[in-house]
Every structure is written in structure tokens, then in C-alpha cells.
Amino acid sequence: MTASAVLEAERVAFRIGDRTILADVSLRLGAGEVVAVLGPNGAGKSTLVRLLLGLERPHAGAVRLRGTPLSDLSERERLDLVGLLQGSPMFAGSVADNVAYGLRLRGVAPAERARRVEAALDRMGVAGLGGRDVRSLSGGETQRVAIARATVLDPDVLLLDEPAAGLDVASRRRLLADLEAAVRRGGGATLLVTHDPQEAFALADRVCVLEGGAVSQEGAPADIVAEPASAFIAELTGAELVVDGVLVARRERLVEVEMGGGVRWLAVPAAHSAADWTPGRRVHVAYRPEDVALTQSGGGAPSTPRNRAQATVSSMAPLGGLVRVRLEGPVPLVALITREGATELDLAPGRQVSALLKAVAARAYMAPAERPS
Amino acid sequence: MLEALGRGLAYLLSGSADVLEIVLLSLRVSGTAVALGVLLGLPVGVAVGLGRFRGRRIAIAAIHTGFALPPVVVGLFIYIVLSRSGPLGGLGLLFTPTAMIIAQAVLAAPYVAGITLAAVQSVPESVRLQARALGASRMRALATHLREARLGIGAAVVAGFGAVISEVGAVMLVGGNVQGETRVMTTAIVLETRRGDIAAAVALGIVLLSIAFAVNIALTRLQQGPASVARSSRPGA
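These protein sequence lines map, in sequence, to chains A and B.
What the first sequence shows, in the working numbering, is residues 1 to 373, in sequence order.
What the second sequence shows, in the working numbering, is residues 1 to 237, in sequence order.
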């Protein structure tokens, strides 16, 4: 197993003063593999990136590139290891100067350099920006140029620290698609560090969850979604799977929530805020995508209390043996169903379906702003 | 005042050979001194600005104290060192332009170091780390960092030049204001004023200011030029 690892962190620890940033982190990146490190802000992600790049030395443990500790690498060997740091600072000058920076360090001839710079910019959808001063770029353009500056080097190992942070949802989705193409094209190993589960699950073959300075779970995206190892991971993986509504009434052990477009759902009120569920309150309804069942549009009435919403398939993404289906409609939903299920239903973007969610699988939380303190 | 100005201009036009000599010596002494000050102050500023070592705060305070060094005290110190009975008396440098250059270099170095220090600190550390992450060696990454700080470093040179071209105390003490040998603009102004030739003093003052202005324009061009050209390449937004 170790033999195939290109980059490996073994029981790495790092402190700043008395504060432990990383307690005990082990991580392995195989050749050509795309691994995501997923964790909240303050989990030690950026510190980990710096350790993996050899920019900081761990207080315990070791980081090795093809078996050699980073501190023993020659400047030449170090060139195989490339990182995009958080915030992706640009160097004064033109876009082309920036993207050519690493190529120049590697002694690439000017003609070849110009060709590769242009190709890298083109792959990131910013062809033609080469002559621009970096200060004139928008935030999204800067991030794309920063990714081009790293991917142009086709390194054996590429580390990306929050490459899509701070972008709006649409820009981020487009950026991630380009990023994935750029990363997969090179064939090198990639480590993506992010706080965003969507990003991690969309790009990575394998996800490591970093929590409180240690890896709390590691596995294929589908496995982590299906069986989160801790409440924190459940929340993290389910973070996007929240829909907003307004409380209509309490019904026995459930609450009735107006979800928009006249659709009313039943949900289990979360225990911590059960005290004053009064009609009119804004609530979040959380669910797990694998709990959403899809049927032919207008299917028979269910026997147990189930929430139903008519929806249109907007996109589908394969995820291991599963398919992640994004639905548009009065209640925007994401469903995680088996491939067989998707085939049976003949799912495709644009298709009308009924989405069903058991009332006991929907949990209602009061919107934070109104939660009594 | 206007009359003095008029007579000053006449003085400039008449005695142009003498004046030219004084001006050229001023530029040579102060220019060389600043170059030495940069050689000395730039590495110190960078090291103190970016380094992490014991006594760093004290070093910063010492550099900033250097801003307040009275030229005449520096002159006195160099005078003692270079005087016949001093440790370097044997070199016979006292009352030569070399002595003036040494004194002014000592005055310029803290300015260069102090402003360089602030300039390199204003560039985020992430620039250097990103350079390293793209494969730059430590030295190359440092060079990239300094390039980002070039405006501030340019300001350091400008400030150093301004400080020495305008000082009189040090050059007077170690140079002696010998006509045709060590007389520079500031010492000449003092002399003409004492003699009662206010017109000549004012004329030299104007020349001094004009030259300082011209040199600063040149330095500013050097410092800001390429950047402002590149900025204009932004297509209509």
C-alpha cells in the first residue's frame, strides 16, 4: 500500500504555541488519485497543506514524497510537488507572467512556455486574459488564473487549498467543472482541501474528513454520505440538504411546514428547540438525500405519512454505485438513489417525477436568527 | 524676497562654472552615499522585516532611532574616527569627499533600512509561500517577495536621498567646505548667508530644491513607471 503512495503524511502533528493545530494526521495520496480533505474552518486544513508542501515542518511524524522525507528533497525533486495556497496571491505583473512563473523556474523555453500558458488559460476558461494586469481581474478570474498557474506545471502532486472559496454558487459550479477537467487531464495526484462537501464529493475519488486536528473519517464519497462516522460529519455531509419553510402547525409529534408553492410537509421537530414551535416561525427542514424516494410522476398514494413534491430532474451525477439527482420544483431537493433505480425510472434531466420523503426522515430546526437564546 | 530671487538667478547665470562644480559634487557625494546606504540598509531592512530572531524588536527600535540621528552628531563621530589621532586617521580621508560620502551613507542607511522594513512587512507572507509552492527556491521566493515590495523599497531610496542631499551638519564637519574640494550646495548656502550674500544663498537653495525635485521625478518614474503602463491595458470595463 505504502509503495504506491506518491505523497504520504504519517502521524503528523503541528502546534502553534500551546495550541494543537494537528494532533495526529495520516494521509496517503496514490499516483493519479484525487483525494479531498474536508473540514470546517479552523480544522487545520491550511496548516496541513503547508506541511504537505514542506513549507512548515511537523512537530511529530513525517511527510514523504515517494518515500523521501520532504526535508531531504533536493530543489529539483521539490518541483514535482506544487501547491495552490488559500487566497491564491498573485504576483505583480500580467496574467501570463503569473502563469509562466513556475515554468520559468523549471527552465521551460520561451516558445514552449507561451504555448503552455495559453493552453492552461484556455482550459480554465480565461483564454485571452494573458496580457491583463492581475490587479484588473475579478475574484473569479483571479481564482481561475491561480489554478492555471498551478495546473500548467502538470506536477506529479498538486495540492489545492480552497480553490473555489468565496465564489457565488453558479461561478463555483462552473469553476469546479473546469478544475476537474484540468486536474484529471494531467494524470498527476491531486489533493483538494475544502470546507465544502459538495466540492469534495463532486471531485474526489476519496474523501478524508478533518475534524479537530485529526482525520475522523476516510472513504469513498458515497460511503461517507451513507454512513457518517460522527454527528459532525452527518451535519457536514448534509449541510446543503436543507430547505427553508414556515411553520404552520404542530400535529402530535410532528410539525407541519409550508415549503413554498402550497406544498406542506410534516417533519420531526429537533429536540433542542422543541420549546416554542409557534406558527409563522421560519424553519429549516433537513433531510438525507438517500431518504428521498423517486417515483413516476403522479404515482399511487402512500400508506405511511410521507411528504410529496412534484419535481423536474435538473441534473444527475454518478457517485460510486449511486446517482445523485438534483430536482427542481416548489421544493428544491437532492436525491441519492441506486443506479438500478435511476435506470428503472428512466431518469434524465428534464423528466418529471414525484419525490417522496417519510415524515420521520425530515427534521425541522428553527432558523438560527429566531432560535430563543 | 523677489529681489533676492532675481539677483539669485543672475548669480546662477554669471558664476555658472563654480555653481556647476558645487552641484555636481553634491550629486556625486549624496548619490554615492545613498548607493552605499542601500547596500547597507536594504539587507538589514529585509532581514529585520522578515526574519524571526531574538532582539528583533530592539533592532527595529534602533533602526527607527536612526531616523532621528542628528547629521552633526554623525559628522562628529566620523570626524573623530578619521581625524589624525583617530583609529582611521592614517588614511588621510578627513576633509575629502570620501569622508562626506561615509558620513552621509551612515545617515542614509537607517532610512533605507527602516522604510524597506515596513515595505517588506506590508507584503503578505502568503506571497513568499505561494512562490515556494510553485517550486521557487528560498532565494527566488525572497526575490519575488522583494519585487512585490518594490514601491516601498523605491520610497526608501527616495527618502534616503532626500535626507542626505539636504543635510549640512555632517558634510560641514567632515568635509570642511573647502572651495573646489568639498564645497557642496548646503555648505555653500551656509557660507553665502554668513557672508551676507543672500542672493547667492537663495539661488543655491532654488538649485538644491530643483535638483531634489528632478531626482525624485526620475526615481518615481523608475519606481512606478512599468506598473502604470500595465494598468492601462485593461480593456474597457
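Calculated from the structure, these hints are not laboratory results.
Check the hints yourself; a few may be wrong.
[As the list claims (entries may be wrong)] Looking from chain B toward chain A, a few residues come up when the C-beta cut is under 7 Å (computed):
id, residue
1, S122
2, L129
3, Q130
4, A136
5, T144
6, A214
7, V215
8, N216
9, A218
Backbone N, C-alpha and C define an ideal beta-carbon position, used for all residues, glycine too.
request  = Answer holds if the nearest beta-carbon of chain A is closer than 7 Å to that of S122 (chain B); otherwise answer violated.
outcome  = It is violated, given that the least Cβ distance between S122 (chain B) and chain A is near 13 Å, above 7 Å.
message = Restraint: Q130 (chain B) near chain A, CB-CB cut 7 Å. Satisfied or not?
response = holds (5 Å)
task = Tell me if A214 (chain B) is really an interface residue toward chain A, meaning its C-beta lies closer than 7 Å to one of theirs.
result = Nearest chain A Cβ about 27 Å off; hint violated.
inquiry  = Quick check on A218 (chain B) please, does its C-beta sit within 7 Å of some C-beta on chain A?
reply    = At 21 Å from the nearest chain A Cβ, A218 (chain B) fails the 7 Å test, so the hint is violated.
inquiry  = A closest beta-carbon separation below 7 Å is what the hint needs, so does T144 (chain B) meet it against chain A?
reply    = At about 6 Å, which falls below the 7 Å cut-off, the nearest Cβ of chain A leaves the hint on T144 (chain B) intact, so it holds.
query = When the nearest CB of chain A is found for V215 (chain B), is that gap smaller than 7 Å?
reply = At 25 Å from the nearest chain A Cβ, V215 (chain B) fails the 7 Å test, so the hint is violated.
inquiry  = Using the nearest Cβ pair, does N216 (chain B) come within less than 7 Å of chain A?
reply    = At 22 Å from the nearest chain A Cβ, N216 (chain B) fails the 7 Å test, so the hint is violated.
query = Holds or violated: is the Cβ of A136 (chain B) closer than 7 Å to a Cβ in chain A?
reply = holds (6 Å)
message = Interface hint check: L129 (chain B), Cβ to nearest Cβ on chain A, cutoff 7 Å. Holds or violated?
response = holds (5 Å)
Taken one by one, the earlier hints fail for this structure at numbers 1, 6, 7, 8 and 9, listed in ascending order.
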